[in-house]
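Chemist: Take a look at the letters that make up each chain.
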Amino acid sequence: MFDLFLFIGLPYVAIASLVVVSFIRYKFRAFSYSSLSTQFLEDRWLAWASLPWHLGIILILLGHLLAFGLPGVWSILVSIPTFLLVVEALGIFSALLCLVSLVILLIRRFVDAKLQAVTSYLDVVVLLILLFQVLTGLAAAIHHRWGAAWAPGALGPYIRSIFLLQPDASFVKDMPPFVKLHIASAWVLIMFFPFTRLVHALSVPLHYFVRSPQKVVWNSSRSQVRFEQKIQFDNEKRLFLKAAFGAGASVALLSLGVLDKFFRYFLKQDLTNAEESHILSQKLQRLKQSADERELELERMNKDSIFVAKLSELSRTRGKYFIDYQMRPALAFSDEQGLPILISAKCTHLGCTVGQELDAQGRILCPCHISYFDIKTGQPSPGSPAKLPLPHLGWALKDEQGNLLMAQDPEGRREGSIDPSQAGKSLLFIGKRFS
Amino acid sequence: MGKQKNKFLQMVDFLTERMPLHNLSFDHIVNEKEVPVHRMSWAYYMGGLTLLFFIIQLVTGVFLLFYYQPTVSDAHASVEYITFFVKSGFLIRNLHTWSSSCMILCLMVHMITSFAMKAFARPREITWISGSLLLIITFAFGFTGYLLPWHQIAVNATKVVLQSIEEAGHYLPGALAALPSYIKEIIQGEVSVGQATLSRFYALHVVILPLFFMGAIGLHLLGVQLHGMSPGVDTPPREKERFFPVFILKDFWLWGIVFLVVFVLSLCLPFESFYSYPLFEAYNALGSTPEGIKPEWYFYFVYYPLEILPFWVIMLGMTIAQAGIFFVPWIFKNTSRKVLSIIAWIIAAYLIIITLFGQLIYEVFKGSGK
Amino acid sequence: MKLFINIILLSLVYLTPAFAHPEFQRYSKKVSGRSVNCAMCHRHSDGPEGVKPGQIGSLNQDELNALGLARQALKPGAGVKSPILNEFGSSILNQLGKEKILELKQRPELLAGSLSKTNDLDGDGIPDAEEFKDGTHPLNSLDGHPWKLFKNNLGKNWFDILMIVLATGSGLYGLQNALIWLSIKARREE
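Residue numbers (numbering that gives the first Met the number 0), protein chains in the order written: chain A, 0 to 434; chain B, 0 to 369; chain C, 0 to 189.
Check before you lean on any hint, since a few could be wrong.
[Said to hold, decoys possible] With a cut-off of at most 30 Å between alpha-carbon atoms, the simulated DSSO-like pairs for lysine-lysine come out as follows: (1) B:K32 - A:K236; (2) A:K319 - A:K236; (3) A:K282 - B:K86; (4) B:K293 - C:K99; (5) A:K397 - A:K302.
[Unchecked claim] Derived Cβ-Cβ restraints for the label pairs, each shown as a range: (6) A:L266 - B:V363: 49 to 55 Å; (7) A:A308 - C:P21: 20 to 26 Å; (8) B:L23 - A:L84: 43 to 49 Å; (9) C:K150 - A:V102: 50 to 56 Å; (10) A:T376 - B:F356: 33 to 39 Å; (11) B:V363 - A:K260: 33 to 39 Å; (12) B:F25 - A:L64: 46 to 52 Å; (13) B:G168 - A:K282: 56 to 62 Å; (14) B:E189 - A:A308: 24 to 30 Å.
[Stated by the list, open to error] Cβ-to-Cβ under 8 Å is the rule here; a few derived chain C residues that face chain A: (15) M162; (16) G173; (17) I179; (18) W180; (19) I183; (20) A185.
Hint data in this document are derived by calculation from the structure and do not stem from the laboratory.
Bear in mind that the values here come from a model prediction, so they are computed numbers and not experimental data.
All C-beta atoms, glycine included, are put in the ideal place defined by N, C-alpha and C.
Start from the sequences, fold in the hints, and give me the full structure.
Modeler: Next up, the structure:
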């Protein structure tokens, strides 16, 4: 029953009061639409409270307005984790700003004699309601986290139901007490709103952003000079504040869009099992490749001859890469007689590795600067950037028992011969004595 | 007329003219320094932009150091790890790549405009020389950095360049003929481009060159600060603007805009997408070289002539050009700005044409050569 | 008996159509102007034949069995995973089937058209079939037609870009005011 009063009766009373009284007040006492500035009575305390209060409350109201007014857009935005984080942080920060400044404003009302003279009960009541509202909001935010994410979904329908004149308190019935208190006191605040100095919020001061700053001071010749100094000082202060605002906004936005990413660059990267194993196997493969190369190097230091391939494996059109005694790449082909052709694959131009495919003219291609080499002679074709021929390598053929069958030195001088029937089984080696 | 000053005082005068340290006071910088306004004023921003890109390089470079591993078996894998698995690693790496190209571009424009504006004239010789040093160091940065990812194009392009050094030996007389191979060996550290080369390039790229760069840029900025902006045009400019805060503000806004452009590019356009993917596979010493091995675009101006013209022409030309850059303040001491800007235009035209159409020109030449 | 098996094995190796299909590679290279190697579809960039990882000579018993299964996938939708193919190669095999692939060898220009228009294995926003025609790697999200990549990434990163534009703008605004403030502070009394 009480819930019904708080969340259905009260809202309509509050809205009625807001509309009717604001209208009447505007119609008949338009000049009372004022914040009743007390700046000229007391400006030390005020300076510390007024600005932070307005900054904080404007941010918070904007947040509430966006969240409940455009729930669609808002839900997209808060689904970005960093945005949610920043909104929550900014919200709490603003609430703290409001809290501190409200306390200062209250104290100020009590300790300054000049102020006490103009303070009405209503002023104090307004401050107390605001304080209560901020405290309950803060408590709700802390006890029931991520309000920016859940509140629009959970409370949006209630607020909409009020405005659509189909009030339904069931949406708030089971809310935690802090949230209930916050909502109820919001309606109270709205009810009081048109009776108090808060009405100045209705004259949304958009032109404040463009006009030069105003300062309320005593008008006397004595203070004229001081006044000008003060204006100058205020100018500088404004510049400083703008600078601070720009820097602050920049940091906030960066943290929202960019910095968090850079920050994560330094964290331990959390990878899935599949990614982790992919990386590791990749690494292992590369390490093996390096190990293989080292092994080749060692082999070439210690052994007099090195196995290249079975003679039967060699192709006439597609060379087989191997590494010579100087650790340079070389290619092995077979010729028409089924005997091997071993030729260096290090281009004599600038040292790229020559390709393994033989073209129709019996040439291999260095892709770096398009040099063609005839594999029989090693000579580059005319017009190639390479001028020197690719050197041939000496080789030796052995049977499976390791007996030497036939050999050829780099100049092409042969010793021994091979029975064609045995050729398929013989093994091709390169020898240290030829290098 | 007083009598001739003695040698010592002359030297003091020489140094005072070139190092007017009284211009270094806070008061001078903030309240007196002015920048001429004329049709070439835009050129005053190019040096600053280069500095911006250097700062980006420094920051992203340090970031990359956290993950990069300079060994032949791990280098490529670690770069892949940065690009694909580290959060925003791709952005950092791409920023480093894009910004390196932008830095060289700005540096070239800066150098050519300074030349055309005769910004090297007395008393700014030291500024010019330190600038020339910076140019060479920056190219060295580009060259050494290119190898570090250890993919096909990196290792093979490096091989090609180092081999061309050795080639120079054929054109040197007598005992000197062996010198280039010594130089190559010192750079390469072993018979072929391998672990020793990678370690050397790494040390150069992340320690030695940055140190030299810092020193040179310190001298360079000191020179700029001491002498102020060079007038740049013959007729004394009618207008001037204050350096602080007017000019520096414009400078910062430009920085902001340029940074945004580079950032968006780095975020959205992988630099490597301009090349064929086989070039970025891990280097394989035992396999064939893929097609399309080329140095970075900013080396095209030597690379393509090297492909087309006889080697010794290029070598001679490069040696003369390199030495010449340092002597510009004396060679062109009495040249008018008009002639200087014509020379500058010719150089710029050459660089632009060879960089954009080098491949085309090369094909035309090669086609007719067959 | 042993001889008989050897002959069958030999004929399997020499008589069946080759494992590699360089026709598609050549086609991709021709239409894109980019250099393309076997790594577009195969595990190893030198193709399937050889003894290096991902090549036939390096396969163990399980992998050989898998290869056999893959080679029997004549019809589409077999869902096989060949040890010599990469994910793109396997996806072609499973989409088209071996028969169709062999048929397309004569008309490689039809391959892209017969593949799915929406499959995008690397998630870079460019469909695999399109990447095949562009000569870019379908499994590397950083490799793609530069303009297409740029457009796709711009759409993907709009939020970050918006934030950094706003951040840079407000940072510069702050800096501007700070500098003007400083210059007023530093101005000497006239």
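Chemist: For every hint, state whether the structure bears it out.
Modeler: Going down the list of hints, with the structure as the test:
1. B:K32 - A:K236: holds, 26 Å
2. A:K319 - A:K236: violated, 78 Å
3. A:K282 - B:K86: Holds, because 20 Å separates the two Cα atoms, which is no more than 30 Å.
4. B:K293 - C:K99: Since the Cα atoms of B:K293 and C:K99 sit roughly 39 Å apart, the hinted pair is violated (cutoff 30 Å).
5. A:K397 - A:K302: holds, 15 Å
6. A:L266 - B:V363: 49 to 55 Å: Given about 53 Å between the Cβ atoms, the range holds.
7. A:A308 - C:P21: 20 to 26 Å: Distance hint for A:A308, C:P21 holds at roughly 22 Å.
8. B:L23 - A:L84: 43 to 49 Å: holds, 46 Å
9. C:K150 - A:V102: 50 to 56 Å: Since C:K150 and A:V102 have Cβ atoms about 54 Å apart, the given range 50 to 56 Å holds.
10. A:T376 - B:F356: 33 to 39 Å: holds, 36 Å
11. B:V363 - A:K260: 33 to 39 Å: Between B:V363 and A:K260, where Cβ atoms are some 47 Å apart, the hint is violated.
12. B:F25 - A:L64: 46 to 52 Å: For B:F25 and A:L64 the Cβ distance comes to about 48 Å; the hint holds.
13. B:G168 - A:K282: 56 to 62 Å: Violated: the Cβ-Cβ distance is about 40 Å, outside 56 to 62 Å.
14. B:E189 - A:A308: 24 to 30 Å: holds, 27 Å
15. M162: Nearest chain A Cβ about 2 Å off; hint holds.
16. G173: holds, 2 Å
17. I179: Because about 6 Å separates C:I179 from the closest Cβ in chain A, which is inside the 8 Å limit, the hint holds.
18. W180: holds, 4 Å
19. I183: holds, 6 Å
20. A185: Nearest chain A Cβ about 12 Å off; hint violated.
Violation of the numbered hints given earlier is confined to hints 2, 4, 11, 13 and 20; the remaining hints are satisfied by the structure.
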